[in-house]
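*Asks:* Here are the chains, one letter per residue:
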Amino acid sequence: MIITTTLYDQLSAQYAERETATAEPWLSRLRANAFASFTANGFPTTKNEEWRFTNVTPYLKEAYQLQPAAPANGGSAIDLSALDAYEVVINNGIPVELPVAKGLSIHSLKEAANSPIVQQYLGQSINLSQQGFAALNTALFTDGLLIEVDKNASIDKPLLITHHYNAAWPFFAQPRLLLIAQRSSKLSVIERYVVDGQAALFVNGVTECVVAENAQLDHYHIQATPTNFHLVNFTQVSQKADSLYNNHTYTLPGASLVRNNLHLDLQASNTESHLFGLYLAGGSQLVDNHTLVNHANPHCYSNELYKGVLADSARAVFNGKIMVQLDAQKTNAFQQNNNMLLSDKAVVDSKPQLEIFADDVKCSHGSTLGSFDENALFYLKARGIGEDSARNMLVKAFAFDVTQQMPIAAVRDCVEALITQKMESLYDRV
Amino acid sequence: MENNKSNDILDDYIDKEYEFGFVTDIEMEVAPKGLNEDTIHFISAKKEEPQWLRDWRMKAYHSFLKQPEPTWQNFELPKVDFQAISYYAAPKSGAKYKSLDEVDPALLETFEKLGIPLSEQKLLSGVAVDAVFDSVSVATTFKETLKEHGVIFCSISEAVKEHPELVQKYLGSVVPYSDNLYAALNAAAFSDGSFVYIPKGVRCPMELSTYFRINTQNTGQFERTLIIADEGSYVSYLEGCTAPKRDENQLHAAVVELIALDHAEIKYSTVQNWYPGDKDGKGGIYNFVTKRGVCKGAHAKISWTQVETGSAITWKYPSVILQGDHSSGEFYSVAVTRNKQVADTGTKMFHIGKNTRSRIISKGISAGEGQNTYRGLVQVGSKAENARNFTQCDSLLIGDRCGAHTFPYIESKNNTAMIEHEATTSKIGEDQLFYLNQRGIETEKAVALIVNGYAREVLNQLPMEFAVEAQKLLSISLEGSVG
Chain Z
1 MIITTTLYDQ LSAQYAERET ATAEPWLSRL RANAFASFTA NGFPTTKNEE WRFTNVTPYL
61 KEAYQLQPAA PANGGSAIDL SALDAYEVVI NNGIPVELPV AKGLSIHSLK EAANSPIVQQ
121 YLGQSINLSQ QGFAALNTAL FTDGLLIEVD KNASIDKPLL ITHHYNAAWP FFAQPRLLLI
181 AQRSSKLSVI ERYVVDGQAA LFVNGVTECV VAENAQLDHY HIQATPTNFH LVNFTQVSQK
241 ADSLYNNHTY TLPGASLVRN NLHLDLQASN TESHLFGLYL AGGSQLVDNH TLVNHANPHC
301 YSNELYKGVL ADSARAVFNG KIMVQLDAQK TNAFQQNNNM LLSDKAVVDS KPQLEIFADD
361 VKCSHGSTLG SFDENALFYL KARGIGEDSA RNMLVKAFAF DVTQQMPIAA VRDCVEALIT
421 QKMESLYDRV
Chain H
1001 MENNKSNDIL DDYIDKEYEF GFVTDIEMEV APKGLNEDTI HFISAKKEEP QWLRDWRMKA
1061 YHSFLKQPEP TWQNFELPKV DFQAISYYAA PKSGAKYKSL DEVDPALLET FEKLGIPLSE
1121 QKLLSGVAVD AVFDSVSVAT TFKETLKEHG VIFCSISEAV KEHPELVQKY LGSVVPYSDN
1181 LYAALNAAAF SDGSFVYIPK GVRCPMELST YFRINTQNTG QFERTLIIAD EGSYVSYLEG
1241 CTAPKRDENQ LHAAVVELIA LDHAEIKYST VQNWYPGDKD GKGGIYNFVT KRGVCKGAHA
1301 KISWTQVETG SAITWKYPSV ILQGDHSSGE FYSVAVTRNK QVADTGTKMF HIGKNTRSRI
1361 ISKGISAGEG QNTYRGLVQV GSKAENARNF TQCDSLLIGD RCGAHTFPYI ESKNNTAMIE
1421 HEATTSKIGE DQLFYLNQRG IETEKAVALI VNGYAREVLN QLPMEFAVEA QKLLSISLEG
1481 SVG
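Residue numbers (our numbering), protein chains in the order written: chain Z, 1 to 430; chain H, 1001 to 1483.
Careful: at least some of the hints might be erroneous.
Unchecked claim - Only part of the chain Z face toward chain H is listed, based on derived beta-carbon distances under 8 Å:
no.	residue
1	Glu49
2	Glu50
3	Leu292
4	Ala296
5	Ala346
6	Val347
7	Val348
8	Ser350
9	Lys351
10	Ser367
11	Gln404
12	Gln405
What the hints assert, rightly or not - Here are a few chain H residues that sit away from chain Z, every Cβ distance over 10 Å (derived from the structure):
no.	residue
13	Lys1059
14	Leu1166
15	Gly1283
16	Ile1410
17	Ile1419
18	Glu1420
To be verified - Across the chosen pairs, the derived CB separations fall in these ranges:
no.	chain 1	residue 1	chain 2	residue 2	range
19	Z	Asp360	H	Arg1359	25 to 33 Å
20	Z	Ser313	H	Glu1144	58 to 66 Å
21	Z	Ala397	H	Gln1392	21 to 29 Å
Bear in mind the hints are in silico, worked out from the structure with no lab data behind them.
Backbone N, C-alpha and C define an ideal beta-carbon position, used for all residues, glycine too.
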């Protein structure tokens, strides 16, 4: 059954309107295909196994508009002033400041839509029929970024992408990123969100990354936004031979709905991938992390560590899928998910999943769920450390396994400061 | 060279014949094929059932008609033609025998061939056996001894007649007729099964055992087992199964319900060796079974142990509902799949009461083109203070065309709960094999040794008699399976 909301009708109308506008034939074919995939199932319901614990329907009922209000201009909750980086600002989904850097070319996706590289990669790696939101984005995105790192270029400074939104009225945004790290290149990308205004904001974002032979891409995603923010994000990564991809996803208290889909497709052998995630949730937040690592070729290594701390009546979902295909011998794939529940109303649904079709592999997964270690608490208290500080220390130590994985000190410090700050506000409510 | 040799051994092993594939030539009374209201009336009439049971069957049948086929499983569900199955088959010469002397010799011979010598049972280890041949229970041994202790162990049709109050109270209380498609089918068409009642404070003096045999062509077996352990009692129950070799698939859709009251303990062990089909995946049993126990009272305990080596498709999740405070549930499983066998199995632990504990140990072994899936659910309710779960599910892969999959669901609504889950997948380590080879143990024996060690945690849970059988089964299954 397709849930029809006014939003659904609006989107259909927008598509119909777009249909008559002229576009590149390949692009309109792609969009038509994507829109058909979306309309086949509509927005996902909890009947869909991938959305079993995450009901998006209530969040879609706002009277969203597809047109943004005036460009936003507000401060950021995420203080990265210590970071020396190239900066791009995407205002209400439209890039406004494009930096120039050696070896790095950054374009508005709208303007670059005709370039062969966009045609080559855009929407090619996503299984649209199973990803309703990504299909919707593909059919209707208006703008975004095309980022290309030249062959053999090692970019001296990280690239900071700030998604800036003005929620003066309920707004449904669909930004799109295409990131291509050419052969033997190296880049760090940091994405963060800034929101002005109090109205509901729904961001349905899609990022496609192509990490070519021997290239390295470090990808950070820092999500610390107010409660009126709803995010459904889809990141699709295609890794070529000998490449390295590191993902760091941090979700901090705020946004009432966060759903991160992170799909890695290991398209050639000898790749390495690390996925690190930390979610700290409070209030009535729902944080859902879905990851998929598809080992399709031999000699690949993947490692995944997701940790969560839940307070109040927050809800977390973790679904980590590792597929090891028939040809993917000598695969090493590891996955771990640890959760800490600080309140008796918090809920965790964890589903670590392995599907293995090759025999010469080493795969493992682990999942734990618990609260504070009473012995550790007692140890600290016996040494004169107050209850709150002791708890804070333990949460920080719990998160440390993840935060220490960030090589850029400025980002690490920023995230750690955010954790401390958010934890304190969580305790105030206890 | 080494590879070639191991491939040869692997082929031998894959070609290994199914030991229990013979057919007993015995006159049978078989109901006409097909499932409709008349079939159910026919079965009910045959069993001289009371009205409430007939009504219940009919409700189940209507629920069966309404349910769609499940789509979530991790294998391609074969189309089962429910109208091509005969729902009742019984040896002609009378339903129940008073003494073993009256039993058709051909039948006794069958069970003897299977290693279940009913007549000699007395001299042996003291296991009371209920033998179920196609649709009916043919013999139950040791009835008198059990009676002295107040233990009721009989076929379920007998129990319906003799202890209707117990059956009516508990039948369908753990697995309702509407639970799933196959449970509904079973409730509508079950022909026989075992019934056990252990009175208050009694420790059942011997192991109870049921042996299931599918013999007749085009039949399905739909037995129903109901075990009730009253306050403070203990019972250990064993179940074994075989079927002849046939080219077509046969359906086995059983339901097992366990009820443990305050301080009671039920230990349920299965060694499942239904005909697995030939090496091309032709024939074999579809083993679609619903097994569930409820720890109704405080400090109750239910433990499932299973060794699954047979069946073309094994699809079952023996579960425990931990309702009473301080109750505990255990699940130990070894599942071996080879050739084209499929196993989608695991468990569900529902923590409802306070201080409930559960432990899950699952060991999957996949060889040839076998696919092994562990699917499990650990659910902690908001009132289950201090619930504790430990889950370990390991997979061993032998050969490069097999698969191992894990789908664990962990859902917690309580912050005092402690839940741990871990899983590993690997093949037999070359270093381990080398170590054993180097000490003069040939590869095949080394593999058996390693696998036995790997499965030991589970095999240790089996009662003695079954542990021996299971170990034998496992080593047969693993002959030549060198990775």
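*Asks:* Evaluate each hint against the coordinates.
*Replies:* Status of the hints after comparison with the structure:
| no. | hint | verdict |
| --- | --- | --- |
| 1 | Glu49 | 7 Å, holds |
| 2 | Glu50 | 12 Å, violated |
| 3 | Leu292 | 14 Å, violated |
| 4 | Ala296 | 15 Å, violated |
| 5 | Ala346 | 6 Å, holds |
| 6 | Val347 | 5 Å, holds |
| 7 | Val348 | 5 Å, holds |
| 8 | Ser350 | 4 Å, holds |
| 9 | Lys351 | 5 Å, holds |
| 10 | Ser367 | 4 Å, holds |
| 11 | Gln404 | 23 Å, violated |
| 12 | Gln405 | 21 Å, violated |
| 13 | Lys1059 | 26 Å, holds |
| 14 | Leu1166 | 38 Å, holds |
| 15 | Gly1283 | 25 Å, holds |
| 16 | Ile1410 | 4 Å, violated |
| 17 | Ile1419 | 4 Å, violated |
| 18 | Glu1420 | 5 Å, violated |
| 19 | Asp360(Z) - Arg1359(H): 25 to 33 Å | 31 Å, holds |
| 20 | Ser313(Z) - Glu1144(H): 58 to 66 Å | 60 Å, holds |
| 21 | Ala397(Z) - Gln1392(H): 21 to 29 Å | 26 Å, holds |
Consistency note: the structure conflicts with the earlier hints numbered 2, 3, 4, 11, 12, 16, 17, 18.
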